[in-house]
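Trainee: Now for the letters of each chain:
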Amino acid sequence: MENHVSFPALASLAKTYPQAASSLFATYNDLQHAQRWEDLTVVDLPECKRGALKGRRPNSKDTLFVLPCSMSEPLSTSWLSNALKELDEPDGIYLAISTEDSSIVYYRISRGFAKPSL
Amino acid sequence: MDSSSSTPDKIRLSVSNHQAHVWNVPDIARLRSEHRICGLLGGTLPHLAQQNVFLGVPLILMPEEVVLLVQNEVAVLVDDANAHDTPGPEEKQLWEDQRATMIQKQLVQKAKAKEDEGISPNNKSTSEAAIRKRQERELKKAAAAAAQKAKQESGDADLSVFNTEATSSGDPAVESGRETPSSKGPSQPYAITIPTSSNSVSWYHSDAHAFSTLDAARESGIWLYPSNEEERARCGVFRALWEKDYYLGNGIKFGGEYLVYPGDPLRYHSHFVATVHISPENPLRPMEIVAHGRLGTATKKAHLICTWDDKTSSVDILSIEWSGFG
Numbered sequence: 001m002e003n004h005v006s007f008p009a010l011a012s013l014a015k016t017y018p019q020a021a022s023s024l025f026a027t028y029n030d031l032q033h034a035q036r037w038e039d040l041t042v043v044d045l046p047e048c049k050r051g052a053l054k055g056r057r058p059n060s061k062d063t064l065f066v067l068p069c070s071m072s073e074p075l076s077t078s079w080l081s082n083a084l085k086e087l088d089e090p091d092g093i094y095l096a097i098s099t100e101d102s103s104i105v106y107y108r109i110s111r112g113f114a115k116p117s118l
Numbered sequence: 001m002d003s004s005s006s007t008p009d010k011i012r013l014s015v016s017n018h019q020a021h022v023w024n025v026p027d028i029a030r031l032r033s034e035h036r037i038c039g040l041l042g043g044t045l046p047h048l049a050q051q052n053v054f055l056g057v058p059l060i061l062m063p064e065e066v067v068l069l070v071q072n073e074v075a076v077l078v079d080d081a082n083a084h085d086t087p088g089p090e091e092k093q094l095w096e097d098q099r100a101t102m103i104q105k106q107l108v109q110k111a112k113a114k115e116d117e118g119i120s121p122n123n124k125s126t127s128e129a130a131i132r133k134r135q136e137r138e139l140k141k142a143a144a145a146a147a148q149k150a151k152q153e154s155g156d157a158d159l160s161v162f163n164t165e166a167t168s169s170g171d172p173a174v175e176s177g178r179e180t181p182s183s184k185g186p187s188q189p190y191a192i193t194i195p196t197s198s199n200s201v202s203w204y205h206s207d208a209h210a211f212s213t214l215d216a217a218r219e220s221g222i223w224l225y226p227s228n229e230e231e232r233a234r235c236g237v238f239r240a241l242w243e244k245d246y247y248l249g250n251g252i253k254f255g256g257e258y259l260v261y262p263g264d265p266l267r268y269h270s271h272f273v274a275t276v277h278i279s280p281e282n283p284l285r286p287m288e289i290v291a292h293g294r295l296g297t298a299t300k301k302a303h304l305i306c307t308w309d310d311k312t313s314s315v316d317i318l319s320i321e322w323s324g325f326g
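Protein chains in written order, with full-length UniProt numbering: chain A, 1 to 118; chain B, 1 to 326.
Keep in mind the hints are simulated off the structure, nothing from the lab.
Incorrect hints may appear among the rest.
[Unchecked claim] Taking lysine-lysine pairs in the DSS-like style, the calculated list, with each CA pair at most 30 Å apart, reads:
(1) B:K105 - B:K141
(2) A:K115 - B:K133
(3) B:K253 - A:K85
(4) B:K140 - B:K244
(5) B:K133 - A:K85
(6) B:K110 - A:K49
(7) B:K311 - A:K54
(8) A:K54 - A:K15
(9) A:K85 - A:K61
[To be verified] Chain B side only, calculated, beta carbon under 8 Å to chain A, not exhaustive:
(10) A146
(11) I278
(12) E281
[Claimed, not checked] Going by beta-carbon spacing under 10 Å, a handful of chain A positions derived as facing chain B:
(13) N29
(14) Q32
(15) H33
(16) K49
In this text the structure is predicted, and so the values were computed from the model without any measurement.
All residues carry an ideal CB built from backbone N, CA and C; glycine is no exception.
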């Protein structure tokens with residue numbers, strides 16, 4: 001990981017939150033190179049004890065937040081609620097769940113009742 | 001027994017074996033239209049084993065629905081078994097008289113209907129040829145009977161019910177030769193209606209066995225829900241969703257606890273599927289998020305994770321949707 005080209009951007013957060021480092025690393029690379037997100041930056045979430053990511057989807061103006069986690073970790077609804085709070089109540093955040101074979105799935109989490117998509 | 005429970009307006013929920021039923025059709029309509037409680041109809045016909053589409057009373061309520069209705073003072077819980085007292089001799093007699101009247105009425109109606117159609121009450125055609133033939137037969141019978149009577153000394157029991165055409169030698173029955181319909185007993189079949197609701201039964205006293213609070217019902221042992229944290233969580237979440245003006249149904253077809261409809265389920269598809277999470281600290285596996293999120297999105301619904309906080313008695317709702325990318 002340390003020798004990877006992406007690592008400098010993630011170095012400090014990987015050091016502060018070592019348990020979350022691998023999912024952060026996998027998600028960052030996926031968004032940057034596979035999903036081709038723009039203006040991708042890291043965000044420190046001390047309450048959630050991990051780093052999050054912020055950026056824009058290709059051809060979109062909206063800034064979106066991504067919270068990485070691993071398929072094998074136990075989460076809780078209070079943890080998700082706190083993440084929303086710490087990111088200052090955006091419309092929604094994307095939980096990036098990474099698996100051992102490097103697949104990542106993204107699910108949108110929002111507070112309250114989601115508006116139905118058209 | 002709760003003496004303050006006899007407000008005529010409250011809907012009676014008949015509790016039997018910890019399950020609440022509504023037998024009264026206007027009440028069922030009220031529950032749906034005034035209180036957004038739909039329940040599930042559970043009545044089937046005994047000979048149609050697999051009715052899934054068209055069901056009748058009773059309406060069966062979810063325990064969360066019952067708790068909400070009692071807490072809102074819309075309904076009372078009736079200890080149905082004990083509300084049926086043992087009928088006294090007078091009540092029994094009245095019941096039998098009523099039944100006999102019903103049967104008689106049916107027989108009279110049937111007789112009238114048959115007359116109108118040209119058939120006599122004893123199922124005999126009233127056409128001329130038929131009448132003539134019948135008379136000839138009866139004359140023959142009378143002659144044969146008289147001959148036999150002359151043979152036999154003693155008069156056996158008048159078994160006029162057995163109106164045999166030819167009397168065999170070994171037959172002890174003595175024919176009277178006359179048809180006496182009344183001594184035959186009713187020759188027409190009649191229907192006995194079993195009433196759906198016990199309200200018409202004079203020894204059913206629901207008011208004396210109705211409980212208007214959950215505590216009172218719990219003390220008497222007829223209704224114990226909610227009895228633990230999980231059940232409290234379900235009641236809390238149900239109420240929180242209901243108070244937002246939604247209609248709620250059972251969510252099993254879509255992998256959740258409840259389906260959340262923006263209006264009457266007969267008119268709308270549900271927008272959400274809700275699952276109950278017992279506490280904010282309860283572990284939530286990412287796989288659950290994947291499963292709920294994908295299924296919700298595939299069925300054009302969003303999944304709601306509704307967390308109950310027992311300490312603050314409040315509900316927190318989070319929506320899960322598939323992101324659309326990844």
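Trainee: Check each numbered hint against the structure and report the violated ones by number, ascending.
Mentor: 1, 2, 3, 4, 5, 6, 7, 10, 11, 13, 14, 15, 16
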